[in-house]
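**Student:** These are the residues of each chain, in order.
There are 2 protein chains.
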Amino acid sequence: MPFPADATVSEVGEFPLIEGLREVFAQGEQVLVGPGDDAAVLRIRNGHVVVSTDLLVEGRHFRREWASAADIGHRAAAANLSDVNAMGGRAHSLTIAMAAPRDLAAQWALDLARGFAEECGLVGASVVGGDLTSADQLMIAVTVLGACLQSPVLRSGAEPGDVLALCGRQGWAAGGLAVLGRGFRSPRVLVEAYRRPEPPYDAGRIAAEAGATSMIDISDGLLAEARHLAEESGVAVDVRRDAFEIPEPLQAVAAATGADPLSFILGGGDDHALLATFPTPGVPDGWSVIGSVAAGSGVTVDGGEYDGPTGWTHF
Amino acid sequence: MPFPADATVSEVGEFPLIEGLREVFAQGEQVLVGPGDDAAVLRIRNGHVVVSTDLLVEGRHFRREWASAADIGHRAAAANLSDVNAMGGRAHSLTIAMAAPRDLAAQWALDLARGFAEECGLVGASVVGGDLTSADQLMIAVTVLGACLQSPVLRSGAEPGDVLALCGRQGWAAGGLAVLGRGFRSPRVLVEAYRRPEPPYDAGRIAAEAGATSMIDISDGLLAEARHLAEESGVAVDVRRDAFEIPEPLQAVAAATGADPLSFILGGGDDHALLATFPTPGVPDGWSVIGSVAAGSGVTVDGGEYDGPTGWTHF
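Chains as they are written, first to last, in this note's numbering: chain C, 1 to 315; chain Y, 1 to 315.
The shape of chain C in the complex, shown without the other chains:
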């Protein structure tokens, strides 16, 4: 149901808007009771549920001038689907709550919902509930539910002697963000990588089946997430610079901005690549060895301290 192009959420009103949003969200076969009651009810087949939640704030996690509503929907879904991916599982159901300024275009909210639903559709997950309220600042709260086919892969299982491996594009979104932050729109492939990350949604399950000892999704920066793995596992992690080929568009942005091109890869988040450790040098297809695990603590690059940006903090 399209709304008049210039109608705001407060002009359309809460219930017509919810009605319009509900039509966007197709329900999967796990849904016994979908949106519209006090709660949704989901069939859970294998005795457990994986659950994670994220809160995205305008100006902090996204900007309406840097991405379309549909893009922001894709990104919000990707960030959450990726958390289940990082456990070695797959998402089946999500809730989305939005706090919106009263003058937000109703069509913007619908477009966000469409992008969100599209991204969820990539893994066969459906949006089973939500909430809508007004606020001065636009915020999107997402909770994802999923399941693993085998034991979940935690952050805490890395062992000395393991290899550290990466799956997925890494640094592209950070390159795109650097471009947008300077008021540019190209290289387009980086801007698009920021607007619509392409997390490797099968990689988590494949890593789990291949015996990954620990795993994490890179949302706050590769080295920052490697540090979480190292801390939770009680090990030291070393990342090798020469493990990375710098893709041409990142080289171009680095040259234009005077940045170290590797800083996008080592410090960037938002691509939702996966980082995992494996007990043997043989990592599954699609994964690349980028470092090693040893006894000790902390994260090094080529055996030494890294003095570039390592990631994102929330305060």
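Calculated directly from the structure, the hints in this document are not laboratory data. Ideal Cβ placement from N, Cα and C applies to all residues, glycine included. Some clues are possibly wrong.
Which bits of chain Y does chain C cover? Going by a derived footprint, with three or more residues having C-beta under 8 Å, they are [to be verified]:
#: 1; region: 30-37
#: 2; region: 96-108
#: 3; region: 258-270
On the provided structure of chain C, position chain Y as indicated by the hints.
**Tutor:** Chain Y alone, transformed into the frame defined by chain C:
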């Protein structure tokens, strides 16, 4: 772990704050993987999960000057636990995400978490995950997971001939809100009812076992929620004025403000009382008949239109 009394969340920093929050949240026996990984993992015993989400915004759903951090934690939890109650179920797990201004006192965040955990403890539920980020406006996003022992009770099952029944204090929180909105602090019992609602957490399950045909939690106003029941069930609902005894403190506030005392009961939310329909005049203990269900549509009071406030809208 107490923080220095005047330290802000940004001074304490994200990770120490998360560490402090994590200590507040005891984990239940359903928790296979608790907070701190990419996602939590929960054991699900009976093949389904009930899920609901709520987003609470400062200035809209709560005010720091009207309630303590712990109170706001209690209220945020109650609003969500009550959604599972209204399905005839019981919550077992929740996630909580907070967007906080950088100058928020870290102790305030801890106190909110404590109040939230305490309320969850009333039904044996635990906080299994969360998120923390900065924002200009304080917001709290909650998702609750729970289970029913029998089929969930929906909004859509009311039948002509059913009785409409209520369980729990109703109108007290609205009375408290009216008092606070005028800058007063008494009658204290109403202000406390607003600050710490006492939802009847066993009533949903009892109603389900007694054969309730439909049920809803009253968060946006009794008549507004009765309208949802009527619409979803395709029936008409009539509420009887003489079914309500006006409690003395509500009479006092009504007298002081010139309001119709019944308007707090018919229009008020936030107590999280339950409204349900039953197929016979015999309703379970703790429930009171307040009206009836007939063929048709819409909600009436004593057979006629009601011209007072019927509830709360979000835009």
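**Student:** Each hint needs a verdict: does it hold in this structure or not?
**Tutor:** Against the structure, the hints:
1. Chain C is given as covering the region 30-37 of chain Y, and this holds because 4 residues of the stretch bring a CB closer than 8 Å to a CB of that chain, at least three being needed.
2. Counting residues of the region 96-108 of chain Y whose CB falls under 8 Å from any CB of chain C gives 5; the rule of at least 3 is met.
3. A count of 0 residues in the region 258-270 of chain Y with a Cβ less than 8 Å from any Cβ of chain C is obtained; the coverage claim is therefore unmet, three being the minimum.
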